[in-house]
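Student: Now for the letters of each chain:
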Amino acid sequence: MRSFIPRQMMITKVNVTPIIDVALVLVIILLVTAPLLSVADLPVNLPQAQTRESEDERNLSITLSSRGELALDDHIVSRNDLLSALRARLERKDNENVLVVVRADMDASYGVVRELLEVAREAGARRIAIATRQKTGVVQ
Amino acid sequence: MPRRWRMRAPESIHDVNMTPLIDVSLVLVVILMVATPMAFQSSIGVQRAAQAGKAAIAAVKAERVEITIVSADSVYVNRTAVPRASMSLLLKPLIQLSPSKTVIVRCADQVPHGTFVEILDEAKQCGAANIAVVGG
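Order-wise, the sequence lines are chains A and B.
The first sequence begins at 1 in this note's numbering and counts up by one.
The second sequence begins at 1 in this note's numbering and counts up by one.
The following block holds chain B by itself, in its conformation from the complex:
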């Protein structure tokens, strides 16, 4: 008489399979690492000085805030030479007094773009609502 094998019930899986979760998480980490430098790009809006002047035609000339960048170290605020380090001390009250809060920036061609952006950033931090670039 042939021996009859009893069929065993398959062993049930008790553990949660973590492999897909770890797969997806690692892919996410890699993609975020690659995309982060691009996602952190922001920008500073600029207007053309002529347009800003037309918009603020009624504004008194004395209340306009003008920054002239002659070189990386030499900056003029309303035709007054100021050291770069203390520029914001002079700029802040001037912007607060200005009704339009528009800052007009003129920059020499040989100045590095990085310096130009640093000064725009400083003006924005001092409360400038609009930045108008002469010749831009």
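This is chain A alone, in the form it adopts within the complex:
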């Protein structure tokens, strides 16, 4: 015998609940990870280190890529413009005591990194750190 389902009882709409679920989770995750992703998309092989300091802090990052390109946060800048751009950022009201992190490729020569540290000091950075990649293993 054929079963009969009345027309009113059939589900004709697409169930959008899973899509809304996923979309909301994505929005929340992007909101949380946005500060972490505010670095330039340049190839940088950070040196490894076991010590960890100030990793979750809001910061301004100066990136020196393996090809020698420079970036301030996610904006690519030239060597000449770096000082003025960094100074402008540090003069903002909420950036007075912000940590400036130098993210340099491990194969870059120290002379270039030293110049970047000098530029950061000259621009008015009070706190400077050198970015590292967490070495896996036992922390002493």
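One should not assume that every hint holds.
Pairs of lysine to aspartate or glutamate residues, derived as DMTMM-like cross-links and limited to a Cα-Cα distance of at most 25 Å, are as follows [as the list claims (entries may be wrong)]:
#	chain 1	residue 1	chain 2	residue 2
1	B	101	A	53
2	A	93	A	74
3	B	101	B	66
4	B	101	B	63
5	A	13	B	23
6	A	13	B	15
7	A	135	B	73
8	A	135	A	73
9	B	101	A	118
10	A	93	A	81
11	B	92	A	53
It should be emphasised that the hints constitute simulated quantities derived from the structure, not laboratory data.
Model the placement of chain B on the given structure of chain A, informed by the hints.
Tutor: What follows is chain B alone, placed relative to chain A:
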């Protein structure tokens, strides 16, 4: 006489719908895989050697710990050449004796940044509280 159909009650859903849960879990896994390398970035704080010197003006010069990196293989601790492998053996007691626990690092320009960071890391592991960089 027309035949009257009896309306059947719709079959109830007994199983929990797992699809949204699996959707969300997979999205989370992908996002974590992408974000992990960035989340594991940390840093080592450095000071300028001049500032550290002013702060520790009363410190006796003999108690200062100075590391000079000449090349990737050649390191001097307080003007004594030491092999890289045994640097921490000499550095640890010196830092423990130092009241300020400040290590002053000077590095030649041609040394790779990776080597410089390795030595900062080693100094930190030996107990250095502050690291001051000459010229930085």
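Student: A separate judgement is required for each hint: does it hold in the structure or not?
Tutor: Results for each hint:
no.: 1; hint: 101(B) x 53(A); result: holds (17 Å)
no.: 2; hint: 93(A) x 74(A); result: holds (20 Å)
no.: 3; hint: 101(B) x 66(B); result: holds (11 Å)
no.: 4; hint: 101(B) x 63(B); result: holds (9 Å)
no.: 5; hint: 13(A) x 23(B); result: holds (20 Å)
no.: 6; hint: 13(A) x 15(B); result: holds (20 Å)
no.: 7; hint: 135(A) x 73(B); result: holds (21 Å)
no.: 8; hint: 135(A) x 73(A); result: holds (24 Å)
no.: 9; hint: 101(B) x 118(A); result: holds (24 Å)
no.: 10; hint: 93(A) x 81(A); result: holds (21 Å)
no.: 11; hint: 92(B) x 53(A); result: holds (20 Å)
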